[in-house]
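Using the hints provided, position chain B relative to the given structure of chain A.
Quick note, the sequences are listed as chains A and B, same order. Counting in the numbering used here, the final residue of the first sequence is number 249, and the numbers go up one at a time with none missing. Counting in the numbering used here, the final residue of the second sequence is number 359, and the numbers go up one at a time with none missing.
None of these hints come from the bench; they were simulated from the model. None of these values were measured; they are calculated from a predicted model. It cannot be assumed that every hint is accurate.
[To be verified] Below, a list of computed lysine to aspartate or glutamate pairs in the DMTMM-like style, where the Cα atoms sit at most 25 Å apart:
| hint | chain 1 | residue 1 | chain 2 | residue 2 |
| --- | --- | --- | --- | --- |
| 1 | B | K284 | B | E342 |
| 2 | B | K320 | A | E167 |
| 3 | B | K284 | B | E314 |
| 4 | A | K12 | A | E65 |
| 5 | B | K324 | A | E143 |
| 6 | A | K79 | B | E306 |
| 7 | A | K55 | A | D26 |
| 8 | A | K186 | A | E223 |
| 9 | B | K320 | A | E37 |
| 10 | A | K186 | A | E231 |
| 11 | A | K55 | B | E285 |
| 12 | A | K141 | A | D190 |
| 13 | B | K324 | A | D26 |
| 14 | B | K284 | A | E37 |
| 15 | B | K312 | A | E167 |
| 16 | B | K320 | A | D48 |
| 17 | A | K236 | A | D190 |
| 18 | A | K52 | B | E285 |
| 19 | B | K324 | B | E306 |
[What the hints assert, rightly or not] Computed beta-carbon distance windows for the label pairs:
| hint | chain 1 | residue 1 | chain 2 | residue 2 | range |
| --- | --- | --- | --- | --- | --- |
| 20 | B | K337 | A | N84 | 33 to 39 Å |
| 21 | A | I90 | B | K312 | 29 to 35 Å |
| 22 | A | N84 | B | K320 | 29 to 35 Å |
| 23 | A | I102 | B | P330 | 50 to 56 Å |
| 24 | A | S42 | B | K312 | 32 to 38 Å |
| 25 | A | M115 | B | V322 | 42 to 48 Å |
Don't be surprised by glycine CBs; every beta carbon is placed ideally from N, CA and C.
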Amino acid sequence: MLTDDHISYIIKDLNYRGIVAEGIQDELVDHICSAVETEMASGVRFIDAYHKILKSFGHTAGLRETQKQTIRSENSKTKDMLKNYFTVAIRNLRKHSFYSFINVAGLSIGLAICMIIILFVINEISYDKHFANADRIYRIKSEIKFGGNHYNMLYAPPVMANTLVTEYPEVEAAIRFRERGSYLVKRSVDNIKEDNVIWTDKDFFKVFSVPVIAGNPETALAEPNSIAISEAIANKYFPMKMRWGKLLY
Amino acid sequence: MHSPELLKGTLQTILLKLLKDHGKMYGYEITQRVKELSDGRILLTEGALYPSLHKLEAEGLLKTETVMMGKRVRKYYTLTPVGKSLVKERVSEFVDFIRTMGNVLQVELN
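Just chain A, same shape as in the assembly (with noise of 0.2 Å):
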């Protein structure tokens, strides 16, 4: 009954109308050809039939809404959702591309930098806790005019040691340290190289609590020319755990 040229008029007007969704614009179109060829049956002019029945519809609101309804109950699943969104986030990302990259490139930038001054920190923060009293050493630092120079140093006079605790209560010990580059380790005959050699006061062991597996901590270095080694350093010189009595130059 309905000619093709009825039918592409109703296709092109109700895509003009805004119907456009895959699915149900296709259904749409054969109810309302099938609703028009009753009307006709009866004797009305297709459009005076297409009119009435876009009424009944509600028109283009009708229509609008019913598709929105009916694309609205097919996508009621989370899962549907958010793989909607996530295909128009996409396709947004593509569409503006350049302000897509700026976008992301400089978040990423920023959080990287973020990350890294947090690890920094952590980092600074973290170490040289594992000592029982690590809330009660300090560190001194000099800071120094002298000549138009500015030094910022951790270095300190030999006597600022036994100056604090005898004539600052609140300075319970103080421990020097002396780095001196690194020396040659001797055991009988063969010298051994070694960087971390470091000096220090008899009472070392008071201020840092170093766990201590063989000897006694609080005469260990009473002696000038006595030695702590760590058990690494132990097992390099003395292999054969033969460790008492020996001698390193």
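Positioned in the frame of chain A, the structure of chain B alone reads:
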């Protein structure tokens, strides 16, 4: 004509039962069939019909097949096995509901 408010909750039941009785149907055919069965007292609006059909399809109770008819495409709905198994339950549930409503409203149902 019955108010669309009353129809809202029963639409799915109507669609499932119709499709069980008739096999495959398309949208317009459904509205006409409902109109015929109800002596014109239930007019399904397209605004309610298509969202319901698509919802049932998305839930896996209906499946569709499309047939080309010249320039137009006709979409037929049929019940899936899952949909078929639900029809009896839905209908008896609704009959039960009518009976309960009869009791609540204190009216005699024949």
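Hints, verified against the model:
1. Taking the CA atoms of B:K284 and B:E342, the gap is about 23 Å. The hint holds against a cut of 25 Å.
2. Taken as a hint, the B:K320 and A:E167 pair is broken in the structure, with Cα atoms around 105 Å apart against an allowance of 25 Å.
3. Of the pairs offered as hints, the one joining B:K284 and B:E314 holds, with about 24 Å between alpha carbons and a cut-off of 25 Å not exceeded.
4. Of the supplied pair hints, the one linking A:K12 and A:E65 holds, its CA atoms being roughly 19 Å apart against a limit of 25 Å.
5. Of the pairs offered as hints, the one joining B:K324 and A:E143 is violated, with about 88 Å between alpha carbons and a cut-off of 25 Å exceeded.
6. The suggested pairing of A:K79 with B:E306 holds, with an alpha-carbon distance near 16 Å, which does not exceed 25 Å.
7. A C-alpha spacing of about 19 Å is found between A:K55 and A:D26, which places the hinted pair at or below 25 Å, so the restraint holds.
8. A distance of roughly 19 Å separates the Cα atoms of A:K186 and A:E223; the hinted pair therefore holds under the 25 Å criterion.
9. Restraint check for B:K320 and A:E37: satisfied, since their Cα atoms lie roughly 15 Å apart, inside the 25 Å limit.
10. For a cut-off of 25 Å, the pair hint linking A:K186 to A:E231 stands: about 18 Å separates their Cα positions.
11. A distance of roughly 21 Å separates the Cα atoms of A:K55 and B:E285; the hinted pair therefore holds under the 25 Å criterion.
12. Taken as a hint, the A:K141 and A:D190 pair is broken in the structure, with Cα atoms around 39 Å apart against an allowance of 25 Å.
13. The straight-line distance between the Cα atoms of B:K324 and A:D26 is roughly 8 Å, inside the 25 Å bound, and the hint therefore holds.
14. Restraint check for B:K284 and A:E37: satisfied, since their Cα atoms lie roughly 17 Å apart, inside the 25 Å limit.
15. Distance restraint check for B:K312 and A:E167: the Cα-Cα separation of roughly 94 Å exceeds the 25 Å cut-off, and the hinted pair is therefore not satisfied.
16. Restraint check for B:K320 and A:D48: satisfied, since their Cα atoms lie roughly 21 Å apart, inside the 25 Å limit.
17. Proposed proximity of A:K236 and A:D190 is supported: the alpha carbons are some 13 Å apart, at most 25 Å.
18. Between the alpha carbons of A:K52 and B:E285 the distance comes to roughly 20 Å, so the proposed pair stays at or under 25 Å and holds.
19. For the given pair, B:K324 sits about 12 Å from B:E306 by alpha-carbon distance, which is consistent with the 25 Å threshold.
20. Against the hinted window of 33 to 39 Å, the Cβ-Cβ separation of B:K337 and A:N84 comes to about 35 Å, which satisfies the hint.
21. Judged by the Cβ atoms, the range 29 to 35 Å given for A:I90 and B:K312 holds: they are separated by roughly 30 Å.
22. Checking the proposed 29 to 35 Å range against A:N84 and B:K320 shows it holds: the Cβ atoms sit about 31 Å from each other.
23. For A:I102 and B:P330, the hinted distance range of 50 to 56 Å is satisfied, since their beta carbons lie about 54 Å from each other.
24. Judged by the Cβ atoms, the range 32 to 38 Å given for A:S42 and B:K312 holds: they are separated by roughly 35 Å.
25. Checking the proposed 42 to 48 Å range against A:M115 and B:V322 shows it is violated: the Cβ atoms sit about 55 Å from each other.
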